[in-house]
Every structure is written in C-alpha cells, then in structure tokens.
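*Asks:* All chains, please: the whole structure from these sequences, using the hints.
Residue numbers (the working numbering), protein chains in the order written: chain R, 1 to 403; chain V, 1 to 403; chain U, 1 to 326; chain E, 1 to 326.
No wet-lab data here; the hints were simulated from the structure.
Predicted model, so just to flag it, every value in this text is computed and none were measured.
One or more hints might be untrue.
[Said to hold, decoys possible] Heads up, simulated SDA-like pairs for lysine to any residue below, C-alpha to C-alpha not over 25 Å straight-line: (1) U:Lys321 x E:Gln182; (2) E:Lys321 x U:Arg280; (3) E:Lys253 x U:Ala287; (4) R:Lys102 x E:Arg178; (5) V:Lys195 x E:Thr23; (6) E:Lys321 x R:Phe395; (7) E:Lys253 x U:Leu282; (8) V:Lys102 x E:Arg106; (9) R:Lys102 x E:Ile123; (10) R:Lys195 x U:Arg52; (11) E:Lys253 x U:Arg280; (12) V:Lys195 x E:Ser110; (13) U:Lys321 x V:Ser371; (14) R:Lys331 x V:Met43; (15) R:Lys195 x U:Arg280.
[What the hints assert, rightly or not] Output of the computed footprint for chain U on chain E, the stretches with three or more beta carbons under 8 Å from beta carbons of chain U: (16) 81 to 90; (17) 133 to 146.
Note that the Cβ used here is the ideal one computed from N, Cα and C, for glycine as well.
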Amino acid sequence: MNWARARANQALFGVCSKKFLRADEKHAAAPYVTLTKLEAGPMTIGVSFQIDFLRFLSASGELDPATPREAIDPELLLGLYRAMTRTRAYDGKAIALQRTGKLGTFASALGQEAIGVGIGAAMRSEDVLAPSYRDHGAQLLRGMTMVENLVYWGGDERGSDYAVPRSDFPICVPVGTQVAHAAGAAYAFKLRNEKRVAVTILGDGGASTGDFYSALNMAAVWRVPLVVVINNNQWAISTPREMESATATLAQKAVAAGVEGRQVDGNDVIAMRHVAHAAIAKARDGGGPTLIEALSYRLGDHTTADDASRYRDVEVVRREAEKEPIARLRKYLAARGLWSEEQERRLAKDCAEEVERAVAAYLATPPQAFSAMFDHLFAQLPESMRDQYEEARRFAPEDGGHG
Amino acid sequence: MNWARARANQALFGVCSKKFLRADEKHAAAPYVTLTKLEAGPMTIGVSFQIDFLRFLSASGELDPATPREAIDPELLLGLYRAMTRTRAYDGKAIALQRTGKLGTFASALGQEAIGVGIGAAMRSEDVLAPSYRDHGAQLLRGMTMVENLVYWGGDERGSDYAVPRSDFPICVPVGTQVAHAAGAAYAFKLRNEKRVAVTILGDGGASTGDFYSALNMAAVWRVPLVVVINNNQWAISTPREMESATATLAQKAVAAGVEGRQVDGNDVIAMRHVAHAAIAKARDGGGPTLIEALSYRLGDHTTADDASRYRDVEVVRREAEKEPIARLRKYLAARGLWSEEQERRLAKDCAEEVERAVAAYLATPPQAFSAMFDHLFAQLPESMRDQYEEARRFAPEDGGHG
Amino acid sequence: MAELTLVEAVNRALAHALEHDPTVLLLGEDIGVNGGVFRATLGLQQRFGSARVLDTPLAEAAIAGVAVGMAAMGLKPVMEIQFSGFIYPALDQLINHASRLRNRTRGRLSCPMVLRAPNGGGIHAPEHHSESPEAMLAHTPGLRVVIPSSPARAYGLLLAAIRDPDPVVFLEPTRLYRLFKQEVIDDGESLPLDTCFVSREGRDVTLIAWGGMLHEALAAAETLASEGVDCEVIDIATLKPLDAETILRSVEKTGRCVIVQEAARTAGFGAEIAAVIVERGLYFLQAPVRRVTGYDVVMPLARLEGQYLPSVARIADAVRKTMEAA
Amino acid sequence: MAELTLVEAVNRALAHALEHDPTVLLLGEDIGVNGGVFRATLGLQQRFGSARVLDTPLAEAAIAGVAVGMAAMGLKPVMEIQFSGFIYPALDQLINHASRLRNRTRGRLSCPMVLRAPNGGGIHAPEHHSESPEAMLAHTPGLRVVIPSSPARAYGLLLAAIRDPDPVVFLEPTRLYRLFKQEVIDDGESLPLDTCFVSREGRDVTLIAWGGMLHEALAAAETLASEGVDCEVIDIATLKPLDAETILRSVEKTGRCVIVQEAARTAGFGAEIAAVIVERGLYFLQAPVRRVTGYDVVMPLARLEGQYLPSVARIADAVRKTMEAA
Ligand SMILES: Cc1ncc(C[n+]2csc(CCOP(=O)(O)OP(=O)(O)O)c2C)c(N)n1
Ligand SMILES: Cc1ncc(C[n+]2csc(CCOP(=O)(O)OP(=O)(O)O)c2C)c(N)n1
Ligand SMILES: [Mg+2]
Ligand SMILES: [Mg+2]
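*Replies:* Set out below in structure tokens:
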C-alpha cells in the first residue's frame, strides 16, 4: 500500500486538474524523494529523504575545486561583491540615522548580505520578490532605491511605492505571511503562462509559523513557480534557532510539503546565488517550489529597538563574525587577482557617496499631507468618509500635514 | 557547519530551559533521524530521514509471522474486535436516526473503526484525548457514552459533558485546531510531572492546516508527551488526498517538526494499536511527540449532509471496502479458532440492544431550558447580562424551552 | 429571466463574472467537482476549468493569503470560506494585508479580491457553522462588507463586489440560500455597493436589518400592520461603507427605530447604526433606539438556536415598546 | 510602596501571581531571558524558571491554542502577544475555543487564561504594531476585555484577570508603558473586573475613554476647564462586561457625552457605548453623543500617526460643539 500510494501521489492533480497542471510536470520524479522498498516483513520503509548542504567558498576564502565554472565567472563575482558592499554601507548608515533620531526602527542585515544579494542576483527583473523586513540586500539589487527604503523606515508609506520593481511586494512585517502572497503570485504566473518566478524570504523564526507551512504545502500541490528562502540567522529576536524548531535543519521542512529542500552556506555568496539560481530556473521550467535554508548569523541586534547583549554571548558573535560573507569573498577575489586595495578604496568611496546622496534626498523629502491616509485607502474614497476627511483637514497642522 | 549544527540542535532547550527539560531526554538521538556525512566535495548530505510503514494483518486476514506476540494476545484481539463492532453498530444507527429526522448532521467512521479503537485501546484512562468529529471509535472506548454522542449530534451541549473521560476534550469541529490543545495539555502533564499522555486525531485534510504544523512544531521543541494521529481516510469532504498535499506520505510531515513519523495500515487494528501503544509509551517515558499516519478509507459520505457519489467512483469505494478492518480481523480470529458464528451473532445482538437502549435514552432526554445558553457561559454570569437573561426567559416557549 | 434561489443567484453571478472577465478565478475548499458544500459553485469547474475554479487544500489562512498574492498580480480571486466559523483563520491576511495593500504601496499594488462565506444560523447546522462575524469585518478599514437579503440583491451585489477594485467581504445568509425564489435577470447588471434599500415603506417606526434578519423584520412588520403600526423596513445590504443618509431620512420621518441583528449584541453592527443615529439624528428621535439581537452568549447548538435568534415575536415586542415610549 | 511605570506594574502583578499560584505560567515570544520586547516579564524567567516562564516558537495561533489546552488541564496560562497587530492569528483559537470551552462542555472543562498584548499607537512603532482591536474581542461572547489606563489599574486589573476563572483579554496601552509613574502597592489586591472608574468628576459633559485615550481626555478636560466647561471623565477599564450604570449615571447628570476611541470609527467600541446611551439614557440627552475616533483608514505609519490619533484639540472641539448643541 505504501509505495504504491507514494508513487500514485506523485501524479498530482490527477483527479481534477489534468489539463492545466500536467503539461509541464517533467520534474515529477524529483530525485530528492527516493522511494525504496525494503525486504519483506511487517515493517517496511515507505519513503526516505535527504537534505544536502552546499558550500563552495570556505570561511577562510578557499574555493572548493568542484565548484562549477559558471558560478565563479569574474564579472558575476565582482558584481556580487559590489552589491554586498553597497548593502552593508547602506545598512550601517541607516543604523546611524536611527541612533541620531532621524529614522524609525530599522532591521539590519549585517552579516547576511550574501543571502539577499545571492537571491537578488539570481532573479530576473520580471520575477517577483516578497521580502521580509530584513531583505534590502535583495531589494536594492532589484531596483528599490535607498531613498525608498529610508522613507519607509522613516514612517512614510511612499517608501513602498517602488519606482522600479513595480510588481514586488512591499516589506512584510507579520512574520511568515508573505509566503502565501508569493504562492498566490506564482499561481498567477502559471495561470497566465508567464515564465516568471515568485521568490520569498523569511527567517528561522518565520519557519515556525503555520502560515509558512500551509502556503508552501498549497504551492507544492499546485506546483507553482515559487522559491522560498529561509534566512536562518540563528535568532528570532532573542529566541535561538533550537528553541524555534527541534529539527536538525530547517531545510527539511520541505519534506512536509513534498518539495525539494536544500541547505546552503548563506555566508558563501557563490553557493547562495548558485542554489537560488538553480531553484529559480527549476521553478521557471515548471519544476515547482523549492525551499532553501541559508545558514548565516545575525551579527547585529534584531532591530535598532533591540539590545542583543541581553540574551547572547558577544564571544559567540565575534566568532561568527569571522565567517561573514564579504571578507570571505574579498580574500578569494584578491587571491585570484581580481581585486586590489585600490579597487576596494574606490568602491568604499562610491558606496559612501551614494549613501550620502540617498540620505540627503530622504531628509529633504517633504511630508505627506493629511490626505495621504485617505488617498489610497480605496480606488475611490466612499462618499460616506467625506466628513472624516474634512475633520482630518481641519486639524491638520499648518505646515501641510507633517505630524 | 551542517552536521555540527544538526547535532548541536539535538541538544534542545540547551539555552534556557536546561533544568526543566533535560532530565528525561533519554531519547535524544532518536534513530529515525540519521546524520550522515558523505565524502568531501561542495555538496554533502546534511541529514536523511526514513518513514517506515507497518502492517501485521493483511487485507485478507493473514498475519505476518514477524508480528510481536503481545500484539496478538487473544483477549486483546477479542476486545478490539468487540469495540470495532460496537462502534459500527452505533455508527449505522446514528446515520439512520439522521435520515429519519431524529438527529442532526452526523460524521460516520465507517471503515475507519480500527483507527479509533486502536488508539482508544492504547491509551490509559488518565491520558487525554483531543478528538475530531469522527472519533467516536476512540471516544466510546474511553467511556463516552452513545447517549452523550447522540445528544451532541442532536444539537445539545450536554453531549460534551462526558461523565467518564472527564478530562477529554470535546469533539473539535474547526479542523486542525485540536492539535494545539493536546500539545498544551501535554505541556501541563510534563510541568506537573504527571505520567500522562495527550493524544489527538485529525484528518488528511487537517494535515494541510498551519495549526497542525505549528502546534506539532511547538510540541517537538518542548518535547511534551503528545501523540498526533492522522486518520488518512483519503478524502477531505470531496478533496482527494493528493490535492491536499504533494507528499508521498503524510507521516513525513513529522520531519518538519523533527519528530518521529510512522505510517501504519489503519485498517489493521493490530498494527494500529501496536503503533499507537508504542508512541504513547515513548511519550510517557519522556521521548516526546510522535506523528502517526493511519492509512484507511472513508467508506461513507463525509457526513450525513454530504453525497459522496457526486465526486468519487463507487467502484473504487467498493474495492476499498474489501480492505475494511472488521472483516479482516474476524477472518483471522476465526482462522485462529478464537471466534465463532455463534459469538458473532451474540455480539451483534448485544451491540444492537445497547444501541437501542442508547437511542431510547437519547430520545427521552428532556430539552434544556432557555437558561442553558447563559448558565455555563462564565463561572458566574455578569450582572450586566441580567436583562438579556430576562428577555430570553420572557420569550422562552411554554414547554420550558425546547426550541 | 428565471426564478432563482439565493444560492442559484450567487452561482449565476459567479458564472457571469468568470465568463466576462478572464482575470476572475474562484478558489476554496470543495468548490470544484463538488460545487461547494452549498452548491454555490455548481458546474463552474466543469465549465471554466480547474485552473480558474480551484479546489484548495484545507487551510483558510493560506487561501486568503494566496488570494492576496493573486490579486496583487492582477487577478480577481473570489475565495470561498466554507462556513462562517472558519473565517477567523483568514482574518490575519484580510486585516493585515488585503485591506491595506493599496494604501501601503500608495496604489502601486492593489487587492481586488472577494471573500465569500455563508453567514448566520437558522439551519440547525453543527457547531461553528452559524456565526455572524460581520461587525469585526466592518470595523476593519479598507474592507467593504456586503450582506444580501434576496436572490436579486445577491446577484447584483456580488457582481458589484467582484468588479470593485478593492477587497470586499460578501456574506451570504445561510438560511436564505434556499428559503425562497425570486425573478433574477441574469444580464450582468450590478447593484450599487453604497446604498441601503428601503424594503417596505412606513410611517411609524423604522425597522433596520440585514441578511437573514430582514425577513424576520418584514414578517414582524406584517404582524404589526394588523395592529395598526406602520413599519418602514430598511435592508442595510452594504454595511461598509454605510449609507447613513437613507437611515437618517427614514428616522426623520418615523421618529422611532428598532435595529435587528442576529450577531451577539455587544459591539455588533447594530451598535454602529445606533451610534450614527444618536450622533446625527438625535433630534428626530421620539423614543429610545432599541436593538433586538442575538444574546451575548455562544451561539447555541441546534436545539436552542431558535431561542437565540431574534424572532418575529421579539422584534414585534420591541417595536410595541418603542411605539409606547414618550 | 513604589513608584512604578505601567509596564513595571504589569511585571509586579505577574510576579505576584506566579509566586502565589503554582498553576500560573507565562508563555510568549521572547518573554524569557529577554524579558519581553517591552520588558513586561523582565526577570521572571530567572526567578520562576523556564518551565513557568516559557519562550515559545514564533506562532501566535499555536500559542493561543496551547494556552487553551493548558487552561483546560488546570493551569492558568498568561500568554503574551508581542504586538497588537499579531493578535489576529490568535483570534481563531480565542473565538472558536477559549471563549467557548466552558459553555460547550457545560462546565466540565474551562479556560482560565489571559491574553496580554500591547494595544494602540502613539510610539512611532513600525507597521502592524499600533492596532486597537478591542472591539472585535468585546464582540466575542465568553471573553472579558480589559484595558488599564494607569500603573495602579494595570496592577489590580491584571491580578483580577489572572484570578478570573474564564478567559480575559488584557490590552496594555503601549503609549502608557513608560509615560508616567504612579504609587502602586504590591499587595496582591485586585480591582473589580466589572466597573468603570470615574477619573474626574464634572457637571457639564461626560467624556468617556479607555486606555491611552483616557489621558487625552483628561488633558482635554483641563483645557476645557479653563474655558469654564466642567468635564466628567470616565475610564471604561473593563469593556466587557460593560458597567453601563456608571456611564448612565454620569450622562443623567451632565446630559451630554463625548466618546473618545483610538480605533477606527466604524463598529468600534465607542459605538456600543453610544448605543447603550441611546437605548437606556435617551431622555437624559441634551445634545448628540459625539465620537472622537481614529479615522476609518489604515493606521498610518509613524509620520502621520499624530494626525490619525484623537488629539486634545479634536476632543476639545467635539466637547465645545456638544456644549453648543440645543
Ligand atoms: C506574526 C508575527 N509575530 C511576531 C512578530 C514580532 N517579531 C518581529 S521579527 C520577530 C522575529 C523574527 O525572527 P526570524 O523569523 O528569525 O527573522 P529575523 O528577524 O531573524 O530575520 C518577531 C517575533 C511579527 N513581526 N510577526
Ligand atoms: C478550519 C476548518 N475549515 C473547514 C471546515 C469544514 N470541514 C469540515 S470537515 C472538512 C474536511 C476535513 O477532512 P479531513 O481532515 O480529511 O477529515 P475527515 O473529515 O476526512 O475525517 C472540512 C473542510 C472545518 N470544519 N474547519
Ligand atoms: Mg532569524
Ligand atoms: Mg479525511
């Protein structure tokens, strides 16, 4: 009964959805689910699974000789390096702005730049990202501007009106809820026969939510082009990874949805981009969802409202910092003769200047008028809200509405 | 990084909860999670898993020679047989009552008697059951009366005021939500150092809910004495199993929580009781949660409000009926000389009489007064609800309140 | 032109929308081959295919969440929640996302989705099948909340809900699904989503209701007519945005008002109507505004359901008291 | 006796309960070593152990669900939801189970749990951190809903909530957590859960508020006093069950009433208060009952938050209009 069933179950949608959903099912017998019938006897093995782990670049910057050539193309690597550096420059400045009272709460991606950048680099512009609040690494690469991100964390809705990735979802604060949005977007792409992929990022804490699981399960049944990346930075605020889940890996949560689960060194941007790219290509090609667990470490506080020294050992953080992604890639690039101190200086200067320009533009952004809270509530404000609108106008400050 | 982490993660609660939670962790390195380091190279296997499948008694009533002796103790088997027969007798009558307008909607367990009975037989009276709406097999064995169950489906809250399993949860209608209740109960047992186990049952559809996953995940982190049984009867109303989940098994959803997952032939009451008993013993012994997928088939309609012929092939149902649990065990018992036609006749008569007595008592149950909706809302009705109470009294029908 | 039940009218509206707008799709539990547990989607999967009439796994939170994602990408998902008591797991996506997406992104993305669900009791259904959560939804900024009271209104309002560029919650009174038939012209004409309907004109007292309770109110009006009390009966239909003008006009005329609501009393939608009247129509009032509501108790199981629900007798009693006042 | 902030008072009440009742336990995200993001549980895990002050995985629905299971087995779980916008995933367990367990089982099982959560805005927090969902909870039969407005009330009401044999939702106004200190006697004395408090006596108009808005109302009363308008200010404190008598007594005296509510206007709890007044106190009224509320819009991000929230100016304006009437 068991293996027969197991195999039968792979004929997804056999019952009702044949026409729509079977056309592109060429990945049906995915290699990550191995069905083995053991010898006779009452107890037989129904199914077995494996979660692999990928790392190309070690913490000390040594490349595994088996690394595929296309993953270490010089131009690609320089692009990844620049993007990570740019992310970190922005990140540091945002924290500084918050500390001086010029920005609201901000969630730093320090030490996790390879995850966002690896994902961002693997996506096409027509793909769609459903980010969490810690994914400006990916978002900046997709065209969200630093100014937009500052405006958002500065407490202004216009910060989610991205001029460039017009179809990307805004930052998602309710942890885990964005997975369903990405799944729904992926369904839309499949329905319209668009070769687009939806990518979503959440945290290790997010992987404890029912929303994460139920959405991934649904996406797997529908075999939609979805890639779910867990940024396992080992902490959900003060809650350590092992208090979020009793599992050996987070990637194995894929097994519950029947999709491929992979673990990758999220501080190795080469492996990170490679795994993300493979999963996105598979999704684009009709192979359905993949769950990627990217192992990293949150080097900073949870947000600027947090003080991580209350709950974790600085010594551990110091050790983890030695594995951080930027220095690691720099070592490798330098060893390969692709990166010089001079280039580094220039990049640092370019990034600093870009960030300063963004900050200036952010600080010069005029406030929204009182009416902003009404203007986009509905396509058209119902007549019945006219008095509320007028009341708000009457009490708006003289300066036009900056509260 | 991966295996090191994997192993580190097994030291659950290492960070904050050492004293409370490590005392009884002797099952820490459970055999169902195998960590294997493969040879060098960028891609390594982080973890691998297996889901086993258990069946002792074949559909044609042949016993596997490797079946453990204690699982086929004559008295045990006769008890299981009687309990299944009693459940089916009750079930058929309840449907008949509904058809003649004497009962509300009813959810039949036809063909799935071995699951409830196997679980019920494996539990101790001090354990706690959190059932769904289809688990009267287990509930009757635990001491809930037929009258109580009829009163419940007859639309009267008193049907959940079980005289005997005083601590069992009432029938749970919102699919999947009962898993958290059982997890919370299990936590209470662990906290108080009681050697009790919480057992919950849900359906294959229920295994798609976020509630199922998030509660199991939490229970696994806390390593509480919990057993979760999925009655995989292949249908969630009209939704076939393969449209609920793209997985080869439902048992593998255990992998996402890091607990043991087992698949069992849910139509083989010997295996069912055995697996349930082993999981309960493990939980009682501090070994934490287990997820059991019991494979069965819903031979009846979803409920009396459903008409399954709209969405499934009667031919398939007929074939599945050949594997049903009662005839299977009878064949085996008869072959072993443990059961005669005479015993069968007597059992049928006893069951029919018991059911008739229950129906008579149910039909003779006087209605609750209007006040019933206020009496148990709070320990004490707030003074502010006095007018509502009086209004209800004023409009109560003359006969004392039967609406 | 055809005589349709309310559930058939819903089915026709869905079919019309699917036929005329390729971006419309339906999703929910058992809505495909089975046609939904109430048969609202009967035959639609056969007609429009399983990609546009989509059976989902059992997970209301995910259904709502994927609907948000679909809507953001330009589809118009119409999701079905099987019974009203299972709306709750969908609330997070509805409140934290669906209702906010346009506002959060300054209109860059939007969420033109419809959540359909049965609403209310009166059919002796099992536990958790008879809830009336409309007030919670009406309290949520960014949502529209609509409850039809007849086949024709269900048809026209559902089409309007689907065409609306923003999220709409459409609650179908379970007890009306098959209670009566009505002529419904299946011509794709929608009804306005910002209007209350005067279902019966009268001089003496304004009776306000919505959904299943409208019929109790109308029946009470009949009873009272024979006692010489002339009731005006208003069908709220769209709770949010609320058409206060129609209500106030009526109360100005009658000077008296009784509100009928099936949901539990405290903080139900009837309170909002009463508050609007005391804010904007105090001087019209010749008597206290009474509410006839479900009690503040857990919706009882079938046997006592009849004593929980506002009845013609309770409504008539409240109207009589209102007429006696002052 | 000590001068405490509201969040410190909450901490003391929790400590008192943990110390005197071995069945009490706390659970929530980051409440252990970290002491909760607002530090309401600071030091409690160290003092009472990680089995009774329990960090949970990130899953509000499961937290609420396991709390129901714990409560049914005789514990008194006090669960923390980290920010008000994350209450929504817990609603299903709260509405479909916690509030019903006693009733469904005729008292065989019960659910003596407390859900604590921060409530409301005013601290420039990120998205989804400033919600005021109290009306939804007050609409739910079987729940009590309490919102303290000062350290002393937080202490006494929280102890009462924990001792109550039924589920209580305890919403702590975020903006008051550290706004001011007050003498709090940590003697385990609880305050009644069915009483409104008259925070300021006055003759001319009744100002009604709860939680964070009480202080805006009191400030407005000060302003108005200097104009010769004498406000009585009522702190609702326990929304459900509502102490209508205290409200009606005040309105009988003043003849005028303004209700202040931070949540969005439509179907907020202010509507319930207005409805009670027009039902039972119509003849006291010399002017329409006005509501000063958050607008029916999505709670804006920090920059516009100040224009969303009812302000002293808006409250004073409404009172002046109320005084002018009739
Ligand atoms: C549903 C929900 N619950 C609680 C919170 C409050 N909160 C914000 S971030 C966070 C921890 C998230 O941890 P993780 O998922 O690991 O992501 P990380 O912050 O580490 O990137 C919590 C509890 C939230 N935003 N959403
Ligand atoms: C949360 C929730 N959603 C929807 C329903 C309506 N419903 C009742 S039973 C059912 C199917 C459940 O299927 P499964 O979990 O396989 O259990 P089975 O009925 O087959 O025993 C559905 C959708 C419900 N009770 N609860
Ligand atoms: Mg994290
Ligand atoms: Mg099933």
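*Asks:* Each hint should be assessed against the structure and marked as holding or not.
*Replies:* A quick look at each hint next to the structure:
Proximity of Lys321 of chain U to Gln182 of chain E is assessed by CA-CA distance (about 48 Å); at most 25 Å being required, the pair is judged violated. Of the supplied pair hints, the one linking Lys321 of chain E and Arg280 of chain U holds, its CA atoms being roughly 13 Å apart against a limit of 25 Å. Pair hint Lys253 of chain E plus Ala287 of chain U holds up; C-alpha atoms about 20 Å apart against a cutoff of 25 Å. Taking the CA atoms of Lys102 of chain R and Arg178 of chain E, the gap is near 22 Å; set against the 25 Å cutoff, the hint holds.
About 18 Å separates the Cα atoms of Lys195 of chain V and Thr23 of chain E, which keeps this hinted pair within 25 Å; it holds. About 15 Å separates the Cα atoms of Lys321 of chain E and Phe395 of chain R, which keeps this hinted pair within 25 Å; it holds. Taking the CA atoms of Lys253 of chain E and Leu282 of chain U, the gap is near 18 Å; set against the 25 Å cutoff, the hint holds. For the suggested pair Lys102 of chain V and Arg106 of chain E, the alpha carbons sit about 23 Å apart, so the restraint of at most 25 Å is met.
Proposed proximity of Lys102 of chain R and Ile123 of chain E is supported: the alpha carbons are some 15 Å apart, at most 25 Å. Taking the CA atoms of Lys195 of chain R and Arg52 of chain U, the gap is near 19 Å; set against the 25 Å cutoff, the hint holds. Straight-line distance between C-alpha atoms of Lys253 of chain E and Arg280 of chain U comes to about 22 Å, which keeps the hinted pair within the 25 Å bound. At most 25 Å may separate the alpha-carbon atoms for a hinted pair to count; Lys195 of chain V and Ser110 of chain E meet this at roughly 22 Å.
A hinted pair counts as satisfied when its Cα atoms are at most 25 Å apart, and Lys321 of chain U with Ser371 of chain V qualifies at roughly 24 Å. A C-alpha spacing of about 22 Å is found between Lys331 of chain R and Met43 of chain V, which places the hinted pair at or below 25 Å, so the restraint holds. Under the criterion of a C-alpha separation no larger than 25 Å, the hint pairing Lys195 of chain R with Arg280 of chain U is inconsistent with the structure, at around 55 Å. For the stretch 81 to 90 of chain E, the stated coverage by chain U is satisfied: 3 residues place a CB nearer than 8 Å to a CB of that chain, which reaches the threshold of 3.
Residues of the stretch 133 to 146 of chain E with a Cβ under 8 Å from some Cβ of chain U number 7, which satisfies the need for three, so the listed coverage holds.
Of the numbered hints stated above, those contradicted by the structure are hints 1, 15, listed in ascending order.
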